[in-house]
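Heads up: the sequence lines are chains S and R, in that order.
When you line the first sequence up against our numbering, it's residues 58 to 282, in that order.
When you line the second sequence up against our numbering, it's residues 58 to 282, in that order.
Be aware that a few hints might be false.
Because identical chains share one entry, a pair is satisfied inside a single copy or across any pair of copies.
Below, computed lysine-lysine pairings styled on DSSO-like, alpha-carbon distance capped at 27 Å [what the hints assert, rightly or not]:
hint : residue 1 : residue 2
1    : Lys-84    : Lys-101
2    : Lys-97    : Lys-144
3    : Lys-191   : Lys-210
4    : Lys-247   : Lys-210
5    : Lys-91    : Lys-101
6    : Lys-101   : Lys-250
7    : Lys-101   : Lys-169
8    : Lys-250   : Lys-89
9    : Lys-89    : Lys-191
10   : Lys-210   : Lys-97
Worth flagging that the hints you see were computed from the coordinates, not collected in a lab.
There are 2 protein chains.
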Amino acid sequence: MAKSISLLWGAGSPPCWRVMITLEEKKLQGYKRKLLSFEKGEHKSQEVLEINPRGQLPTFKHGENIVNESTAACLYLESQFRSQGNKLIPDTAAEQAMMYQRMMEGLTLTEKLNSVIYYEWFVPEDERHDTAVKRNREALKTELRLWEGYLEKVAAGSYLAGAFSLADVIVFPNIAYALRFGLSVERYPKLAKYYRLLKDRPSIKTSWPPHWLPSPQGYDTLKNL
Amino acid sequence: MAKSISLLWGAGSPPCWRVMITLEEKKLQGYKRKLLSFEKGEHKSQEVLEINPRGQLPTFKHGENIVNESTAACLYLESQFRSQGNKLIPDTAAEQAMMYQRMMEGLTLTEKLNSVIYYEWFVPEDERHDTAVKRNREALKTELRLWEGYLEKVAAGSYLAGAFSLADVIVFPNIAYALRFGLSVERYPKLAKYYRLLKDRPSIKTSWPPHWLPSPQGYDTLKNL
């Protein structure tokens, strides 16, 4: 089955990583994949645009079915391969509620991280303001503290919604990203603990962004947050 | 069952509308609901913050389970009440792929609409730029044309992913919103057709934003798009 799956991906992109973690969890190793370079603009290449008119990565295909939005691809894979590999949607109503809630909140976390990390990429030079940078950083700080609080309420050894689930698939790459960009493990001890709990999980370790391996802590953008 | 459900909502908010449409589709009429005013800042009231630390609407509870993100609440309701009312996730892999994809892309559409309609709300006066306004409008135009293209490929009388599904629940309120803000039905004939196909569907008609009824076309923000 894995042979009918193909993924075009970019290294270090949390959305790509989510799909790769899900493929590992669902025991779909052996799928076709091709690493493209954001730096070289390969996400805007014809090869991508034919499958994904947005020119974004991941670009994902299963047989003739195209699912490019990362959260959509994860939901689709869990639904199509429900009884294969690890179950990523819990059974109880309480855990499902928590899972869907944290999964979707994870996208807000992504957005707030991007607004700080990629400010200069998103905003043309003439339109940049120190006040906006400061506001984005404050908003990210508030967001990260919210997650710190969520994790404080979680039972010892538990993931975001009980057992490992799609909530973790969506959220973990963001946390790894924040730490790579210098987030303080002292000021965010619960996020750091969550990171340590998950970083060696086989699905995550196997799909770890290859260029992160030689230099785990890449930048200090978030150091003082 | 509906009695254990409560919703705090704001009129005209696409995220609130999504949850209300889903509740109707799942035959959960009779749930508790309370209309709050964004203008009076009631979404930041203690009543909301106790359930939703983000101070946003919708704020949704089913028994003790809290699911505030609108897409999460819709997925949760469909999962919990699968065999009740209309089925909102299709059976075939091809339709599921399309449904999850369009559902998640619907959130990008929301974001791009908001960046134009609420520019002055989001961006402090000192940080506003005509170039940014222009760029946001161009991005929204590109986004709307993408959806126009998606609908062009859909079979006659069909919804976004075959039968009516969560994709329509998430996307339709955005389309109604765009038209209310003056989007041209001549320049976007497929979006207009999709709007006409859905506007009288009972779940949608019943939950129509009450203050839109006396004045269907409210603004001309998007008139020239």
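Going through the numbered hints above, which ones does this structure break? Give me the numbers in ascending order.
1, 2, 3, 6, 8, 9, 10
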